[in-house]
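Protein chains: 4
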Amino acid sequence: MAPADQLPSPLRGIVPPMVTPLSDRDTLDAAGLERLVEHILAGGVQGLFILGTTGEGPSLSYRLRCELVERVCEQVAGRVPVLVGISDTSLVESLNLADYAADAGARAVVLAPPYYYPAGQAELLHYIQHIAAELPLPVFLYNLPSHTKLSFDPETVRRLIEIPNVVGLKDSSAEMIYFHKVRRLAEERADWSLLIGPEELLAEAVLLGAHGGVSGGANLCPRLYVELYRAATRGDTARVAELHAKVIEISQRIYHSADHGAAVIAGLKCALSCLGICDDFMAEPFHRLRDAERRLIQKHLAELELPLGAPRTAGRSPTPG
Amino acid sequence: MAPADQLPSPLRGIVPPMVTPLSDRDTLDAAGLERLVEHILAGGVQGLFILGTTGEGPSLSYRLRCELVERVCEQVAGRVPVLVGISDTSLVESLNLADYAADAGARAVVLAPPYYYPAGQAELLHYIQHIAAELPLPVFLYNLPSHTKLSFDPETVRRLIEIPNVVGLKDSSAEMIYFHKVRRLAEERADWSLLIGPEELLAEAVLLGAHGGVSGGANLCPRLYVELYRAATRGDTARVAELHAKVIEISQRIYHSADHGAAVIAGLKCALSCLGICDDFMAEPFHRLRDAERRLIQKHLAELELPLGAPRTAGRSPTPG
Amino acid sequence: MAPADQLPSPLRGIVPPMVTPLSDRDTLDAAGLERLVEHILAGGVQGLFILGTTGEGPSLSYRLRCELVERVCEQVAGRVPVLVGISDTSLVESLNLADYAADAGARAVVLAPPYYYPAGQAELLHYIQHIAAELPLPVFLYNLPSHTKLSFDPETVRRLIEIPNVVGLKDSSAEMIYFHKVRRLAEERADWSLLIGPEELLAEAVLLGAHGGVSGGANLCPRLYVELYRAATRGDTARVAELHAKVIEISQRIYHSADHGAAVIAGLKCALSCLGICDDFMAEPFHRLRDAERRLIQKHLAELELPLGAPRTAGRSPTPG
Amino acid sequence: MAPADQLPSPLRGIVPPMVTPLSDRDTLDAAGLERLVEHILAGGVQGLFILGTTGEGPSLSYRLRCELVERVCEQVAGRVPVLVGISDTSLVESLNLADYAADAGARAVVLAPPYYYPAGQAELLHYIQHIAAELPLPVFLYNLPSHTKLSFDPETVRRLIEIPNVVGLKDSSAEMIYFHKVRRLAEERADWSLLIGPEELLAEAVLLGAHGGVSGGANLCPRLYVELYRAATRGDTARVAELHAKVIEISQRIYHSADHGAAVIAGLKCALSCLGICDDFMAEPFHRLRDAERRLIQKHLAELELPLGAPRTAGRSPTPG
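Protein chains in written order, with the numbering used here: chain A, 589 to 909; chain B, 589 to 909; chain C, 589 to 909; chain D, 589 to 909.
Hints are computed from structural coordinates only; laboratory data are not their basis.
Be aware that a few hints might be false.
Identical copies look the same in the list; a pair holds intra-copy or inter-copy alike.
[Unchecked claim] Restricting the straight-line Cα-Cα distance to at most 25 Å, the calculated cross-link-like pairs of lysine to any residue (SDA-like) are:
{"#": "1", "residue 1": "LYS834", "residue 2": "GLU743"}
{"#": "2", "residue 1": "LYS834", "residue 2": "ILE749"}
{"#": "3", "residue 1": "LYS769", "residue 2": "THR821"}
{"#": "4", "residue 1": "LYS737", "residue 2": "ALA851"}
{"#": "5", "residue 1": "LYS737", "residue 2": "ALA778"}
{"#": "6", "residue 1": "LYS769", "residue 2": "SER734"}
{"#": "7", "residue 1": "LYS737", "residue 2": "ARG772"}
{"#": "8", "residue 1": "LYS737", "residue 2": "SER761"}
{"#": "9", "residue 1": "LYS769", "residue 2": "ALA829"}
{"#": "10", "residue 1": "LYS887", "residue 2": "SER839"}
{"#": "11", "residue 1": "LYS737", "residue 2": "ALA826"}
{"#": "12", "residue 1": "LYS834", "residue 2": "LEU896"}
{"#": "13", "residue 1": "LYS769", "residue 2": "ARG667"}
{"#": "14", "residue 1": "LYS769", "residue 2": "LEU894"}
{"#": "15", "residue 1": "LYS769", "residue 2": "PRO733"}
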C-alpha cells in the first residue's frame, strides 16, 4: 500500500464534509457525484469525509449509504483518505457500515453519540469504549450536541484519548471555550487530530492549535479554506483576517436562505447546482431551495468572486427538478 | 377478517409500549418475549405498541426490528391491534419497515418526526404529508420533543388532522397545556384518537378527554392502568386518585434507579426480570441496572403490592446476566 | 385581629395574581386599581396576590411597588389575605419589601429564586433557609423556571417543607409530573398549601389534590375559576370538563395576541381595558396591544359570554393611550 | 475636562469587570475595594467596569450600588473611564442608577436586556431605543443570553447601531460565530467598540477584530490580559498562543471550584483574598469557597506563576470570614 493511501497521524488540513448529490429520495446523482469529488480534490484538500451531517448521512437509506461509500472510495482511489460517517442510533448498524467502509477502502470512520435517547457521560464513555474495540478502522469522535443532544465532556475526552484507535475529534459544537479545553487534553497524544467543524471558526481554531477543519464550504470552494488553513498555520494574521472575512461573507450570503437546521446544506447544494456541479435535491424532511432563493444565491455567487477553479462545461450540467 | 382484527376508530384504552426483551445486543429473548406478550394481554389492554421509545426501537438493528414485528404479530394473532413504531431519520427506512409491518399483520404504525436534523414546522408538515400518502397502514403521530427536538405545533396538528390515514396522536411531551389545546383540535375528527404518553399524566388526561394512554408501566402491571383508565372514563374521582397515587409511587420507586434518559426502560426491564418475565439486557448505549439497584427494585416491588396476576413458574425464569 | 384577617392554614381556593393597572411607566392607574380590586373580590376569591409575574412586579420601580402594597392592603382591609411578591435578585431588597408589606398589613409573601445568576439546588436551599429566617411573614415558594432558570427540585422541596414559616408552594412550571411528585411531599405538612399557577391546569391539579390556583384569568372573570375550583373539589367531573373547556378557550383567544413572554398579561390588561375596568399600559419592555389586536379581543370577549358580573358605568372607563 | 477623562471612541483595550469586595451582605469591604482598584489600574487597563455580572451587580442593594459607584469614581478620578452596569428588570431603576452614575463622574453605562420576562427582539429593540434616549451617558449593550435569556440578534444590532449614544457592545455569549457576524456590522460605525466578554476567547476575538476585552481574570492579574491584548493587536501569534494557554490554565484551575453559575466570581474572589487584596464574601445566593477549595486555589496560584505585581503587605490583608 502506498504511503499516500495511509491515514496521516495526526490528520491535518481541510477535510471537507461532502454533500451527497441526489437525483431523488433514494437515488444518487452519480454524474454529479463524480464531478463534485474531482472539484473538491482539485482544491488541495487533505481528506474527504462522507456521510456526515452535511452529507445528509442519517437521512439516507442504508442501501444508498453503501453505494455512496463504494463509489467514492473507488473514485478517490487513495489520493486522499476517505472518512466515513457511521453515526447511528443502533450500534449494530454502525458496525455494519464500518465493516462495509473498511472493505471499500475507507481509511477512518467518524462517530457521533447515538442521538435518539438522552444519555449521559457514563453511557457515552462506555459506548465509545465498546464500539471502538470492534471497529475495523480508526475512529474520529464527532461532537455535535445541537444534533445529538450530548457533548463529549472534557473529562470524557480525557478518558477516550487513551483508546489507541480513537485518533481524533471533530468539534462542531461551535463552543470555542470547550474547544480550547479539549485542545489542551489533545496535547497528550501526538497522533491525535483535533478538527474544527464550523468554518466560521476555522481561522481562530487553527491559529490557536487545531489540526484542521471539516469545512462545509469546501464543497463549493475548497481552495479558500485550504488557503485559510495555510495562512493560519504560518501565522499570517493579515491574510487570515482577509480570508476569514470571505468565509463569514459566504456564511451570511449562502447558508441562510432557509429557516431550518439544514439551511447550510440547502445553500451549499443550491450553489453547487448553480455552478453546474451537481443536483440540489435534498432528502426529506428538507427540500431544495425555491426559485427566488436560488436566484439570490446566484447573485451572491457572482458578487462573492470565489476562487472556484475552471468553469464547468454546459453539457455536464444537471437539470435540477 | 374478524372485527377484533380491525383498528377501532377511535382507538381507546391502554395501549402499552412494549419493552423489547433482549438476550444480547442483536438477539431477542424469544421466550421472555412470549411471556411478556401474554402477561400484557392478560391485563385487558386495547392494543400493543412495539418498537416505540420504551421498546428501544431506534437502538435495534433493522433485522431485529423485523424479527420482532413478525413474532409479535404472529403471537398476538389479532387479539388486539398491534401498532409498530417506524420513526427513523431516513424516510426510506420508515417506509421499508411500514411495509414489513403491514405484511406481518400490524394494524397501524406510529411515527415521530425524523430526529437528527433540527427541522421546523414547515418541514414537519410536508414530511408527514409526503409519507402518509405512501404508508400502507393508518398512522399515529408521535409527539416526543425531548427525543426528537421538535414538537407538533397545534397549528401543524390542525393541518395534519385533515389527512385521512392519520388517525391519532400520541402525546409524550408531558406538557398538559399543549395537550389540552390539541384535544380541542382533535374534536374535529370523531375517529381520531388522542393518547397520552407519560403514565403519570394518564389520570388527568383521561378525565379531561384523552382516548387512552400508552403507559410504559403497563408492561409490568397492565391491570392497574386499565383500571385507572376505566375509573377515569366513568368519572370516579376517588378511585382515580387512589390509582393515580399508585402510579406516581411506581414512577418514583421503579423509574429513577438510573440517571439517564432511558431510566424508565431500565427500571421496567429490571422489574420484569425480577418477576421472571424476561431478560433485562438493554441495547447500547445503556445497560441493565446493577445488583444494588436491582435489589432496591425487588424491595420496592414487594412493598408496592401491585396487582400482577398469576405468579411465574420458576422454571421459565431467565438468567439475567 | 379578626379571624377573616388571618392566613388560612392551608390556604385554599382561587388567589388571583392581580395585574397592576398603570397609567404610565411609573404611575399607578389608581381609579382602575380600585375597580379591579373590587371586581376580583366580588368573584368569591380566597386571597389576592400582588406583584407577581402577572403583576409585572419585577418591571416596576421600588417606589411604585410600595405604593401598590399600601393601596391594596388598605382597600382590601382584611376581606381576604393579601400576598405580596418579593422576588428579587437582591436578597436585601426582598427583605426591604417584605418588611414594608408586613407593616402595610399583608398576610404572606411569595418568593421565587433570585433570577439573574444560574444557581444550583444547594444555593437555592441555603438561600431560602437564610431568608425565611428573617422574613416577617409566612412565605410561599414560587416555582417558575421559565423565568428564573431554576426549579425547586423535589429533594429541595422536601428540605424546605421543614421550615415552619414556609407555608406553601405556587407551582407555575406547567410540568404536571413534577407537580404530582411535589404534591406527595406536601402531604407531610397538613398546613401546607400547594397552588397551581397556569389556569389551563387548574382542573386537573385540583382534581388530583392541589389546594387551589393562582389563576391569571381571575383578574378578568373570577367567578369562572372559583366555580371550576369548587366543581373539582366536589368531584363533579362533568361540570369540571365544561368549565375547563371555557378556560382553555379564554387562553387560546385572549392570551396569544402578542408573541412574547408577557402575552398573557398583555391580553388580560387589554380585556380589562375593554371592559372599562383599568388602563392597559404595560411596563417596558412590553407595550399594550395595538388597535387591531384590541378589536379581536373585544370580539372574543363578546363571543365567550363570560360571567363577568355587573357592567361598568361608562363614566368610570379609563382612556387607554 | 482633561482628555484622560473622556471616553475614547472607540474604547479599546482591557476593561476589567471589577468584582465587588464585600465584608457582609450589605457592606462594602472599603479597604479591599481601594486596594483592588489600585491593583487593577497598575496593570495598564483602559477602563474599569463596575456592577456587571462579575461585580455581582444584580445581587446588591441599590444603596450599596450607589455607594460603590461613588467610591470608585472618586478613587479612579479620571485615570481611566469608569463604566457602570445599570441592567435591571425595571427601566425606572436603570435610569435612576444611570443618573447617579453620571453625577458621580462615570463615563458610560452598560446595559443588558431586562432579564425576568422572556421578551423578543421587537421588545428588545424598542426598549433600547426608549431608554437610550433618556440616558445621560453613552451606553454599551451587554449581550449575555445565559443570564438574560435573550440575545441581541444581529438584525437588532444593525438597528441599534444607528443610535448615536449606543457606543458599543460587550459580547459575553461565548458564541464566536455570532461575534463574527456582529463584528461585520460594527464596521459601520468607526466609533463603535466591540468588546469580548469571556477571557478564554480574548485571543481570537482580538486577532479577528475585537476592540478589547472585559476579562474577569484582570481583577487578579491585569497585566496578563493587557499583554495578550497587545500581542494580538500586533499579530504576534506565537506570543498570543503562549499567553492564551496561560489564560486557559487560569480558567481551568481557578474558575471551577464551585458548581454553579457564579463559580468564576467565587474563584476570583477567593484568589484575591488569598493574595490579601480583598475579602471573598459573596452576596446571596452564593457563598465564599470553603477551606478545602481555598487551599486548592492557593496551590494553583503558586504554580501558575502569574505576573501579579508587587506583593501585598501583610498589614493590609483582610480577614476573610
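Hint check:
1. LYS834 <-> GLU743: between (35 Å within a copy, 20 Å between copies)
2. LYS834 <-> ILE749: Classified as between: cross-chain Cα gap 23 Å, same-chain 35 Å, threshold 25 Å.
3. LYS769 <-> THR821: both (20 Å within a copy, 24 Å between copies)
4. LYS737 <-> ALA851: Answer is both; intra-copy 19 Å and inter-copy 17 Å each pass.
5. LYS737 <-> ALA778: Neither, since 29 Å and 37 Å both go past 25 Å.
6. LYS769 <-> SER734: both (19 Å within a copy, 20 Å between copies)
7. LYS737 <-> ARG772: within (24 Å within a copy, 31 Å between copies)
8. LYS737 <-> SER761: The answer is both: 11 Å in one copy and 17 Å across copies each meet 25 Å.
9. LYS769 <-> ALA829: Both: 24 Å inside a copy, 14 Å across copies.
10. LYS887 <-> SER839: Classified as within; 15 Å inside a copy, 45 Å across copies.
11. LYS737 <-> ALA826: neither (37 Å within a copy, 36 Å between copies)
12. LYS834 <-> LEU896: Within one copy, since 13 Å is at most 25 Å while 40 Å is not.
13. LYS769 <-> ARG667: Answer is neither; intra-copy 33 Å and inter-copy 36 Å both fail.
14. LYS769 <-> LEU894: This pair counts as between: shortest inter-copy Cα distance 20 Å, intra-copy 34 Å.
15. LYS769 <-> PRO733: both (16 Å within a copy, 22 Å between copies)
Hint check: violations occur at hints 5, 11, 13; the rest are consistent with the structure.
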